[in-house]
Amino acid sequence: MPRLASLLLAGLGLLAALAAPAVAMFLLWRAFPLIGDGHLLRLVDDEWFPGEGKFGLLPLVVGTASTAGLALLLAVPIGLLSAVWVRFYAGPRRARLAEMSLGVIAGMPSVVFGLFGTFWIVPALGASLASAALVLAMMVVPSFALFALAALRQVPEGLLRDGQALGLHKSRVIRHLALRTAQPGLIGAATLALARALGEALAVEMVAGNVPNFPDSLLAPVRTLTTTLVQEFEYAHGAHAGALHLVALAVVALASMLVTLAFKLGHGQIHAAPEAA
Amino acid sequence: MAAKTFRRHDANYRQSACPHVRNPGSAAVAHGLPLLRTMPPSKWFFCASAAALLLMFGCNKNQAVRFVITGSSTCQPVLQEVTARLEQRDPSVRFQVEAGGSGRGITDAKTRKAQAGMASRDLLPAELEGLTVVPFARDGVTIVAHASRNLAAVTSEQVKAIYTGKLTNWKELGGPDAKITVVNKAEGRATLEVFLQKFKLKNSEIKADVVVGDNAQCVRLVTGDEHAIGYLSIGEALRAVERKEPLRLLDLDGVAATLENVRDGSFPLGRSLYLLFPGQADAEGQRIVDFLASPEGSELLYAQGFVPLSGT
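Chains G and H, in that order, are what the protein sequence lines are.
Number 326 marks the last residue of the first sequence (my numbering); no jumps.
Number 314 marks the last residue of the second sequence (my numbering); no jumps.
Chain G with its partners taken away, still in its complex shape (with noise of 0.2 Å):
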């Protein structure tokens, strides 16, 4: 019984680990009507316009990688800090009901923060890359603090209290120790945070605009890869279509880039860590 149990999880781990080539290849397999018809290079032109024939995902790229990181810039101070005040500063009951309040709006359906945006963001800035970055930002801002606040908890007590006895003030104890030794935990969550607001598509396209371009200002619309799934998979057919699981193939791409390198610098700062401290 043993033996079949663990065959069991070889195969369930082993499945988790197919699927990631597995959706790639199907999605490449889809794309084939574009490819096979030698229009490739078509798709590293600076227009979309299906229409036309124009496979361009350049400003689709540039519309993710833009919105995306604004979002992770805006994101990572304001959710680092509450780790910390949580961490260091709240008392039990206090941290605890943030704790909380941070999980109840990390678990809030993307299309809540869409509606939030069009409501209350847009009729400011309109339907542009600030709006999105925003939305972004509101969304990935909790599961990031949790996150980080899981990697300030790991850092042994211990070091804590060394730092202390030795005279430091508590804000150096929190930059020098405590930040420094929960680096690799940190940049885990930051890249998942990134990747989530890479991936997001419905909330991204209720306030973003989603005209293909580049944006010249941060009031100016933009789309990303998913907005354009969203908007035109179910109307699109033959080369146009093909072109979409590309777009999805260019957006799995680009997530799994990312969390290469974060377990690249993950590891990196994992065994260089106890040797800074």
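If you are wondering where the hints come from, they were derived from the structure by calculation, not from laboratory data.
The model shown is predicted, which means the values in this text are computed figures rather than measured ones.
Among the clues, some could well be false.
Derived pair list, reagent style BS3-like, types lysine-lysine, alpha-carbon separation capped at 30 Å [unchecked claim]:
(1) H:K200 - H:K168
(2) G:K103 - H:K112
(3) G:K103 - H:K168
(4) H:K202 - H:K162
(5) G:K103 - H:K204
(6) G:K103 - H:K200
(7) H:K181 - H:K246
(8) H:K200 - H:K181
(9) H:K202 - G:K103
(10) H:K112 - H:K202
(11) H:K181 - G:K103
(12) H:K173 - H:K204
Starting from the known structure of chain G, arrange chain H on it as the hints suggest.
Here is chain H on its own, set in the frame of chain G:
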């Protein structure tokens, strides 16, 4: 031991989940028995789950509705209603109506993936091949603005200028000093194609501020932004006005956006709605066409904001 119980379970599953498939592949199972015993459990597990998956999909296919209609999301609500009434009369035929855009309706009808397609734009000569095309209603595409705007009419030239970025301020339309929010439709929507065809524009020439997916999103955007100008199906726009949403239908080239003007053909931005059948329409397809041409069908079309074609 474990293998045996699992197999029995599997057989039960088959019978209960798929009652009308009479013991499919029982012979194969019988022949496969010795093989199953010698097979290592891991392989066995994979085979069993694969078989279960196959059966699930097979089952779905067997229970599937008999008549599938796909295509234009403008036509979908009408056909949904029509087929619901037809099902009430004769429950033995089941219909399934899916929205996916006129392009998909044409492709699905051609490849016989669906028994009928819906289109809310004229078909290109190449697309007509092998299809029976039955027009069943007229619709118009209207330019809309926020109700608070003191603007009642636009001309084709103005629309063209607004959408190509040559006319960008409300001042030039007699409004306040504010930038116009130009609302365009996403690629693949028939409304976009009707719009582009009428104004002889390419989508790449349009300087949009927002691209929306469906008509409802267009209504939400224009009613939420008093600087916005957009375009959508007249039927949908009239329904939004009925719901007291702050939306205004603008006269185009001096013709009001009303169903009467769509019917007599005077509204410049009109289009036909079509049903498409691969080859000839079969009995069920003909039932739908006949229903749409009946007085009950006309009433239904009017209720949805479309103009029935008299005499078809």
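Hints, one by one, checked against the model:
As the CA atoms of K200 (chain H) and K168 (chain H) are separated by approximately 18 Å, the hinted pair is consistent with the 30 Å bound. As the CA atoms of K103 (chain G) and K112 (chain H) are separated by approximately 25 Å, the hinted pair is consistent with the 30 Å bound. Only pairs whose Cα atoms come within 30 Å are accepted, and K103 (chain G) paired with K168 (chain H) is accepted, the gap being roughly 24 Å. Between K202 (chain H) and K162 (chain H) the alpha-carbon distance is near 9 Å, which keeps this suggested pair within the 30 Å criterion.
Under the criterion of a C-alpha separation no larger than 30 Å, the hint pairing K103 (chain G) with K204 (chain H) is consistent with the structure, at around 12 Å. In summary, the hint linking K103 (chain G) to K200 (chain H) is supported, as the alpha carbons are separated by about 22 Å, within the 30 Å threshold. Between K181 (chain H) and K246 (chain H), the direct Cα distance comes to roughly 26 Å. Compliance with the 30 Å bound is thereby established for this hinted pair. For the hint linking K200 (chain H) to K181 (chain H), the alpha-carbon distance of about 25 Å falls within 30 Å, and the restraint holds.
Of the supplied pair hints, the one linking K202 (chain H) and K103 (chain G) holds, its CA atoms being roughly 19 Å apart against a limit of 30 Å. Distance check on the hinted pair: K112 (chain H) and K202 (chain H) sit about 28 Å apart at the alpha-carbon level, within 30 Å; holds. At roughly 29 Å between alpha-carbon atoms, K181 (chain H) and K103 (chain G) fall within 30 Å of each other, so this suggested pair holds. Between K173 (chain H) and K204 (chain H) the CA atoms are separated by roughly 26 Å; this keeps the pair inside 30 Å, and the hint holds.
Every hint from the earlier list agrees with this structure, and none is contradicted.
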